[in-house]
Amino acid sequence: MDESRSTYKKIVHSGYFKYYRKKTLWFLATLVAAVILNFVLPRLMPGDPLAAIMARLAPGIQDTEALRRIYEHYMVQFGLDRPVIQQFFIYVGNLFRGDLGLSFSRFPRPVSEIIMSAMPWTIGLQLPAIIVGWFIGNILGAIAAYSRNGFDRVLMPTALFVSGIPAFGMAIILLTVFGLNLGWFPIAGGYGIHLLPHLSWQFIGSIIYHYHLPFMSIVLIAIGGQALGMRSMSIYELNADYVRYSRFMGIKDRTIVRYIFRNAMLPQVTGLALSIGTMMGGALVAEIIFGYPGLGTTLLRAIREGDYPLISGITLVITIMVLIAVFLLEIIYGLIDPRVKAAQFE
Amino acid sequence: MNKTILEVNGLSTKYITRFREDVYAVRNVSFKVEEGHSLGIAGESGCGKSTLALSLMGYYFAPLHYISGDIIINGKNISGLKPDQVRKNVLGTEIAYIPQAAMNALNPTRKVIRFIEDVMYAHGSKMSKKEIYDLARERFEILNLPADTLHKFSVELSGGMKQRTVIAISTILSPKVLIADEPSSALDVSSQKMVIKMLHDLMDLGFIKAMLFITHELPLLYNVTDDIMVMYAGQIVEKGSKDQMIFDPIHPYSKGLMGSILVPEDGTRNIKLTAIPGTPPNLKNPPTGCSFAERCKYATSRCKVYDVEYTELEGGRGSRCLKPEHELRGLYDDGKVDFSNE
Numbered sequence: 003m004d005e006s007r008s009t010y011k012k013i014v015h016s017g018y019f020k021y022y023r024k025k026t027l028w029f030l031a032t033l034v035a036a037v038i039l040n041f042v043l044p045r046l047m048p049g050d051p052l053a054a055i056m057a058r059l060a061p062g063i064q065d066t067e068a069l070r071r072i073y074e075h076y077m078v079q080f081g082l083d084r085p086v087i088q089q090f091f092i093y094v095g096n097l098f099r100g101d102l103g104l105s106f107s108r109f110p111r112p113v114s115e116i117i118m119s120a121m122p123w124t125i126g127l128q129l130p131a132i133i134v135g136w137f138i139g140n141i142l143g144a145i146a147a148y149s150r151n152g153f154d155r156v157l158m159p160t161a162l163f164v165s166g167i168p169a170f171g172m173a174i175i176l177l178t179v180f181g182l183n184l185g186w187f188p189i190a191g192g193y194g195i196h197l198l199p200h201l202s203w204q205f206i207g208s209i210i211y212h213y214h215l216p217f218m219s220i221v222l223i224a225i226g227g228q229a230l231g232m233r234s235m236s237i238y239e240l241n242a243d244y245v246r247y248s249r250f251m252g253i254k255d256r257t258i259v260r261y262i263f264r265n266a267m268l269p270q271v272t273g274l275a276l277s278i279g280t281m282m283g284g285a286l287v288a289e290i291i292f293g294y295p296g297l298g299t300t301l302l303r304a305i306r307e308g309d310y311p312l313i314s315g316i317t318l319v320i321t322i323m324v325l326i327a328v329f330l331l332e333i334i335y336g337l338i339d340p341r342v343k344a345a346q347f348e
Numbered sequence: 585m586n587k588t589i590l591e592v593n594g595l596s597t598k599y600i601t602r603f604r605e606d607v608y609a610v611r612n613v614s615f616k617v618e619e620g621h622s623l624g625i626a627g628e629s630g631c632g633k634s635t636l637a638l639s640l641m642g643y644y645f646a647p648l649h650y651i652s653g654d655i656i657i658n659g660k661n662i663s664g665l666k667p668d669q670v671r672k673n674v675l676g677t678e679i680a681y682i683p684q685a686a687m688n689a690l691n692p693t694r695k696v697i698r699f700i701e702d703v704m705y706a707h708g709s710k711m712s713k714k715e716i717y718d719l720a721r722e723r724f725e726i727l728n729l730p731a732d733t734l735h736k737f738s739v740e741l742s743g744g745m746k747q748r749t750v751i752a753i754s755t756i757l758s759p760k761v762l763i764a765d766e767p768s769s770a771l772d773v774s775s776q777k778m779v780i781k782m783l784h785d786l787m788d789l790g791f792i793k794a795m796l797f798i799t800h801e802l803p804l805l806y807n808v809t810d811d812i813m814v815m816y817a818g819q820i821v822e823k824g825s826k827d828q829m830i831f832d833p834i835h836p837y838s839k840g841l842m843g844s845i846l847v848p849e850d851g852t853r854n855i856k857l858t859a860i861p862g863t864p865p866n867l868k869n870p871p872t873g874c875s876f877a878e879r880c881k882y883a884t885s886r887c888k889v890y891d892v893e894y895t896e897l898e899g900g901r902g903s904r905c906l907k908p909e910h911e912l913r914g915l916y917d918d919g920k921v922d923f924s925n926e
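Residue numbers (our numbering), protein chains in the order written: chain U, 3 to 348; chain F, 585 to 926.
Please note that the accuracy of each hint is not assured.
Calculated pairs, PhoX-like style, for lysine-lysine (alpha carbon to alpha carbon, straight line, at most 20 Å) [to be verified]:
| # | chain 1 | residue 1 | chain 2 | residue 2 |
| --- | --- | --- | --- | --- |
| 1 | F | Lys826 | U | Lys254 |
| 2 | F | Lys888 | F | Lys868 |
| 3 | U | Lys254 | F | Lys888 |
| 4 | F | Lys714 | F | Lys695 |
| 5 | F | Lys695 | F | Lys666 |
| 6 | F | Lys587 | F | Lys760 |
| 7 | F | Lys616 | U | Lys254 |
| 8 | F | Lys736 | F | Lys710 |
| 9 | F | Lys616 | F | Lys736 |
| 10 | F | Lys616 | F | Lys672 |
| 11 | U | Lys254 | F | Lys710 |
| 12 | U | Lys254 | F | Lys713 |
| 13 | F | Lys714 | F | Lys736 |
| 14 | F | Lys826 | F | Lys781 |
| 15 | U | Lys20 | F | Lys826 |
| 16 | F | Lys660 | F | Lys736 |
| 17 | F | Lys826 | F | Lys616 |
| 18 | F | Lys760 | F | Lys672 |
Here are the computed distance ranges between Cβ atoms for each label pair [claimed, not checked]:
| # | chain 1 | residue 1 | chain 2 | residue 2 | range |
| --- | --- | --- | --- | --- | --- |
| 19 | U | Leu129 | F | Gln669 | 21 to 29 Å |
| 20 | F | Gly664 | U | Ile145 | 31 to 39 Å |
| 21 | F | Gly664 | U | Gly152 | 28 to 36 Å |
| 22 | F | Arg698 | U | Leu27 | 53 to 61 Å |
| 23 | F | Asn728 | U | Leu337 | 27 to 35 Å |
| 24 | U | Val94 | F | Met687 | 50 to 58 Å |
| 25 | F | His649 | U | Ser149 | 16 to 24 Å |
| 26 | U | Leu162 | F | His649 | 49 to 57 Å |
| 27 | F | Gly594 | U | Ser149 | 53 to 61 Å |
| 28 | F | Asn661 | U | Ile145 | 45 to 53 Å |
| 29 | F | Thr677 | U | Ser16 | 47 to 55 Å |
| 30 | U | Tyr148 | F | Glu878 | 41 to 49 Å |
Source of the hints: derived by calculation from the structure; they are not laboratory data.
Glycine residues also receive a C-beta, built at the ideal position from the N, C-alpha and C atoms.
Looking at chain F on its own, in the form it has when it is part of the complex (with noise of 0.2 Å):
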């Protein structure tokens, strides 16, 4: 069995609004990441990827907060640490993030090799700028950009050069953990393919021990990592590997959301594709019961009372229903669920 690289414990955040409520935006979730792994993250808007990702940081502040769990990052549990140290000590050590708006986020007034020099003596490194460019330059043409990049302002990168740029200057430090929320949901589909190519590289050279990929294309996902993991509400419904969890979900949500992909082949526009009616629940008060039960359509009274544990299954993968797996699947006897009222 290969190394841990992340485990995740029973982690609880939330957001406390302007109004003094509290939003629970990720619900005890727990999983672990082996070296040399990818582990994808995918779900509907508002799901809690995003915040999932935010909280995997350590490193909280307004209107995020900490609640409870563990977070342990080769072996080193982080959730205990003070604030500076965390800044210090871990992020961009130990854990990285590649941000969903990328395009925004190099400040607009600094040159790019400024902001390295300003990350690396943040970390309390000793090298001098001249040492801080080579290294730079250096990383910058092992992933094949160009390294006059580095003397230019990120209003002069397009926006896939602005992608990869972030991405390069996210792993500078060789981070144990990337975590990548939509790295390329803005991009067309020839930067995506680099950026893409790029986050590989990063595995392949051993930069990155393990990632995290959140997006919410499942193709995309399938193309990018081994293993998949489907959030609801704030919770995993769902995990497994890409192909158990694209050709063979067994969770209702999950089942849903594949059956949404849209796939470009012959007849595509004659088939009716299936959406899932209803809203995600308000995670104000979070449902009692199954938080899907609302929109389940195989839903019982019993799903919308009983609180469902997440349960491990044959081979690594795990789901969160009331209903025990042979009875799921003899509920998708046609191959495909089907959510529309008729």
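One chain only, chain U, in its complex shape (with noise of 0.2 Å):
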């Protein structure tokens, strides 16, 4: 009873406790803060959906009682003739029940059903992307930083150059050149048009096919911000202290690489976390240009149609996607820095 209990005075009190106790209280926070936000702010956008709705759905209704009517009857059904505090109540109720609403756009289908259909294609395509730009980026930064004159002075002003053109810009680059000039690769789309979704090989090597673009315009930026950071903290790590001593101890070139990688490496897991956000606005917009049928597209399209649950839906779901990715990446942090452990004593 006594060791089980000072047990867990060691486990409440330990440094790395306390930093997951408030990374977690982070993250609930800002989870909060995003429900809020995305709440809120579809409701702030220009313009009458029900409207567009109505445009669409009845054209060529000339009787305004009747159009009234049916406007009336959308109100009702969408819950917007409530009050906004009492909207969003229920909105967090539907919430908890995986329940995002029905789209305007596509009525009646649910919300949950077209993100849910349009989740695989983005995660698929942005979370290998996104690793492997960063590995990449690591190692090319981590070589350059160590042979200073040959290949630094190529990757150094090539890195600058790709890390400065925006997401979009180098997805129309490769649109151009390897889609349209040379034809090497599809223009659009996650598959091919003349298929179905269908488990066949065809149709894998269709999707593989139409995944190379877009996968490349996301790796190539990620390589090019990571590298340059990668660069700069492989030669601050290089010249520190303790290279210095451990080279003096006798330890041999090869172990002092791996301490310097190791420990230029941890900044750009903060990096990573605090420009993933970023990296996967760039991504979405690759999506919309490549014509990918992930969220990227789909968002575009609720924007176009004034699509409020959509929308919101789609933000809510990619600003926890964001937020579960920086979590874990924080996570990580506090297990591969012990200096983190001992901050939280201070």
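These two chains come separately, so use the hints to put the complex back together.
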């Protein structure tokens, strides 16, 4: 009994526990803020979405009274006749049941269903692209830092140039060069238009074929930014006192390179956590340009059609995805950097 | 006569700057340290103390470059060896180094014991991790360091503990010579005392055979080392026993340096401190003649022209000045050299 209590005490007062508790609280707080913003922002957008639906659903109806009644029917159906506060609580209550409402533009399909069908495309595209870009960028940056003269002179300007290109610019360049001019890759879509989604080698092949350009457009930008950061961090670590001391203790260069790589990577993890939102934003733009059937394209269409519930749902899902990614990175960071633990006692 | 552990003959090294300029930081330095002895190296900032320490390791990497000279440790000349041989057979085993900034000397993401394992395996040790741990724990305990330090990261240690841990790691392979570059300058007085005691213990227990102690704090040298060597502009200007050097320096520069010591005793506030005017010469183009001539109150036109040799005097001491000893003594009739411009 005593022992378990002291173990409990030890855990609660340990640096890791404090760190994770703090990070979890922050995660929850940002989540609440995100939910509120996601509810409020679409309602501040100009334009009446019901009017848009009406215009599409009932183009031939001239009777104003009939129009008014249809309009009111929808007002009640979507809950827009109630006070905003009440709408919010209904919204939150529905969220807990995984109900994001019904889409206006693709009425009566539920928003959650639309998002679920677009999400695998987005995750399948962005997660590997960001991870691959991060790793390649870090390795290139580290190599550039060691080989100060040769490789560095080529990589540095290239990385600066590539990381300076906005996401849509990169997508358009790739699309024009490899899609339109060279014709190596298709210019739009997630799979061939003549195919129906089903499990077959032909379909998978088509997916991979369509995957190249959007994937590369995200990876290239990630590589550029990460390589620059890793290069300067590695140079900084190379000149650190512990490197010199390790050398004078006769530690092998190979071991020292390992020290440097590991330590220079720590700020890169934080950097990834900070930039993952921007990266995802860029990746959504890439989806739109390549007409990739993910969340980005769906979001663009939802905005065009004033589809409140869908916009709100997609932005919420994206925000949660970013928050989870950042949260996971911070957990990982806590595990790999002992200084985090020590800092909690100060 | 005792056995000579470290012998340095005509060692010269230089830095090559970004702009391909040579900076001659250590110029033709020769000295010997005998078994069981410790040598203090004193001088102003930038005089080449730390560079000498780095040069003595025999392991050069940019921007430091070897020019000439021999470093003989326990009868073995290490200056001709290939870098990888030096790394494996000299560093840590023959000669070890405690850096100036020991605060940051440990890898922040590696536990102390992991680093000790790296050190052991880098020197071809075949011991198991358990054996290394036992050895490290034993050594740490002898040196009055808690064994649980081994399982800590450097951020979890206080400044004084970090410094002592670094010293324990540096000497884990029982090197013949230990070079301590300002090991206590950044510490509070009680931590400083513990560090000094630890260095004495290492000598007494025979883990190290000789020590070089670099500092700008002269009173500290008097308490730590047997002999003192004063450096100026990359050269040795005077060497002697600690008593000779502190109470009876001969060279005008050492005289001025000793005159700058603050002693906490009654009336210190009223004593006018003497400081040496001017700045050390630019070592990109070392001056011909005596390096100190520009700042020396007693310099004559000859001093600025003739290259001054280091001359051995009686009693194991030596100095680098054109003027003979008796003439210099005549100049310091007031017992204290006064460099103030009046």
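Comparing the hints with the structure gives:
no., hint, verdict
1, F:Lys826 with U:Lys254, "violated (39 Å)"
2, F:Lys888 with F:Lys868, "holds (17 Å)"
3, U:Lys254 with F:Lys888, "violated (47 Å)"
4, F:Lys714 with F:Lys695, "holds (15 Å)"
5, F:Lys695 with F:Lys666, "violated (31 Å)"
6, F:Lys587 with F:Lys760, "holds (12 Å)"
7, F:Lys616 with U:Lys254, "violated (30 Å)"
8, F:Lys736 with F:Lys710, "violated (24 Å)"
9, F:Lys616 with F:Lys736, "violated (38 Å)"
10, F:Lys616 with F:Lys672, "violated (24 Å)"
11, U:Lys254 with F:Lys710, "holds (16 Å)"
12, U:Lys254 with F:Lys713, "holds (18 Å)"
13, F:Lys714 with F:Lys736, "holds (17 Å)"
14, F:Lys826 with F:Lys781, "holds (18 Å)"
15, U:Lys20 with F:Lys826, "violated (53 Å)"
16, F:Lys660 with F:Lys736, "violated (37 Å)"
17, F:Lys826 with F:Lys616, "holds (15 Å)"
18, F:Lys760 with F:Lys672, "holds (15 Å)"
19, U:Leu129 with F:Gln669: 21 to 29 Å, "violated (49 Å)"
20, F:Gly664 with U:Ile145: 31 to 39 Å, "holds (33 Å)"
21, F:Gly664 with U:Gly152: 28 to 36 Å, "holds (30 Å)"
22, F:Arg698 with U:Leu27: 53 to 61 Å, "violated (33 Å)"
23, F:Asn728 with U:Leu337: 27 to 35 Å, "holds (33 Å)"
24, U:Val94 with F:Met687: 50 to 58 Å, "holds (51 Å)"
25, F:His649 with U:Ser149: 16 to 24 Å, "holds (20 Å)"
26, U:Leu162 with F:His649: 49 to 57 Å, "violated (32 Å)"
27, F:Gly594 with U:Ser149: 53 to 61 Å, "violated (35 Å)"
28, F:Asn661 with U:Ile145: 45 to 53 Å, "violated (37 Å)"
29, F:Thr677 with U:Ser16: 47 to 55 Å, "violated (39 Å)"
30, U:Tyr148 with F:Glu878: 41 to 49 Å, "holds (42 Å)"
Of the numbered hints listed earlier, those contradicted by the structure are 1, 3, 5, 7, 8, 9, 10, 15, 16, 19, 22, 26, 27, 28 and 29.
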